[in-house]
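Could you build the full structure based on these sequences and the hints that come with them?
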Amino acid sequence: MNNTHVASVEALARMHLFRYWRSGQFQIIIDGQPVMITCSAGSNESGDAAENLCAAKAERVQLIIDGAIERENNYERPVREEITHEIDECNIVTRNRYGALVLNSSSVSIFDIDDYKRSFWQFFGFGAKKDKKTAIVENLRGLFEKQSQRDTSWRIYETCKGIRMIIVGQYLSPSSQSFEQFSREINADPLYTLLCAKQNCYRARLTPKPHRLHIDRLKFSCPLPDDVEGKYDEWLANYQEQSKNYAVCRLLAVLGTRIAEDPIIDFHDRVCCSSMNLPLA
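Each residue of the sequence shown is one higher than the last, beginning at 135 in the numbering used here.
There may be inaccurate statements among the hints.
[As the list claims (entries may be wrong)] Simulated restraints on C-beta separations:
#, residue 1, residue 2, range
1, L386, D285, 17 to 23 Å
2, D285, I199, 54 to 60 Å
3, C294, Q159, 37 to 43 Å
4, S157, N372, 24 to 30 Å
5, C294, I199, 42 to 48 Å
6, L386, D182, 44 to 50 Å
7, Q374, E179, 28 to 34 Å
Hint data in this document are derived by calculation from the structure and do not stem from the laboratory. Since this is a predicted model, take the numbers as computed values, not measurements. Every residue gets a Cβ at the ideal spot worked out from N, C-alpha and C, and that includes glycine.
So this is what it looks like as structure tokens:
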């Protein structure tokens with residue numbers, strides 16, 4: 135993937151993503167004793183700017199310890215993921231903490247659904263037991279028929295543990311009430327919806343989870359350490375080779391007649407799906 139800078143600094147900031155990461159050790163004083171701490175920071179300006187932010191963080195820690203300022207309760211951690219590809223202003227590919235590629239999108243609505251809403255009797259084990267994925271799809275079909283927005287389509291994909299859905303022709307901002315309401319209606323994964331709301335964009339994993347490929351995980355958290363032993367390069371080469379034998383999802387159905395002409399959906403399908411019947415991971 136080409137990592138040419140395409141997105142604006144403002145777009146990256148909205149998604150809490152950074153191009154440059156640095157980490158450094160700083161000395162602070164606690165109860166009269168010197169203590170070394172490590173501070174990391176990201177910037178979309180330059181590596182030097184990230185280094186300056188690290189130093190500013192250390193100074194702030196000292197001020198908090200000294201009681202000169204109060205700790206911010208509403209502080210939000212940035213997404214410490216390496217940017218591997220900037221598709222456009224609204225779509226950025228990153229590598230997450232366990233090495234998989236993730237599409238961060240603020241133009242396409244993508245939902246992961248890992249379970250279905252059970253009725254009162256089903257909750258207590260009564261009634262016919264349903265296949266989880268089948269039940270999720272049935273629920274989506276029913277909701278699609280009831281919706282008032284008729285000029286959209288819902289693309290339904292099977293994943294390893296559930297269902298992924300992409301809306302064609304409508305974007306729901308993750309910071310909106312309509313997003314919250316729709317997420318509840320389709321029973322989207324709560325952790326997933328929380329991450330989307332916090333990052334102000336949708337997140338769709340593009341490549342398999344390493345443990346499903348039976349390979350060890352390697353922690354990817356920016357700033358990555360200097361790969362002096364080549365362990366990251368070796369791990370990535372093995373991961374990419376093993377990933378060829380798996381797919382992340384497969385298209386099951388399209389609800390509605392609106393054609394998906396979005397290049398981002400094409401990109402998603404090209405990377406995630408396979409025309410061959412590969413196992414899902």
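Each hint tested on the structure:
1. L386 <-> D285: 17 to 23 Å: holds (22 Å)
2. D285 <-> I199: 54 to 60 Å: Given range 54 to 60 Å: holds, Cβ gap about 57 Å.
3. C294 <-> Q159: 37 to 43 Å: holds (40 Å)
4. S157 <-> N372: 24 to 30 Å: holds (26 Å)
5. C294 <-> I199: 42 to 48 Å: holds (46 Å)
6. L386 <-> D182: 44 to 50 Å: holds (49 Å)
7. Q374 <-> E179: 28 to 34 Å: holds (31 Å)
Checked against the numbered hints listed earlier, the structure breaks none of them; every hint is satisfied.
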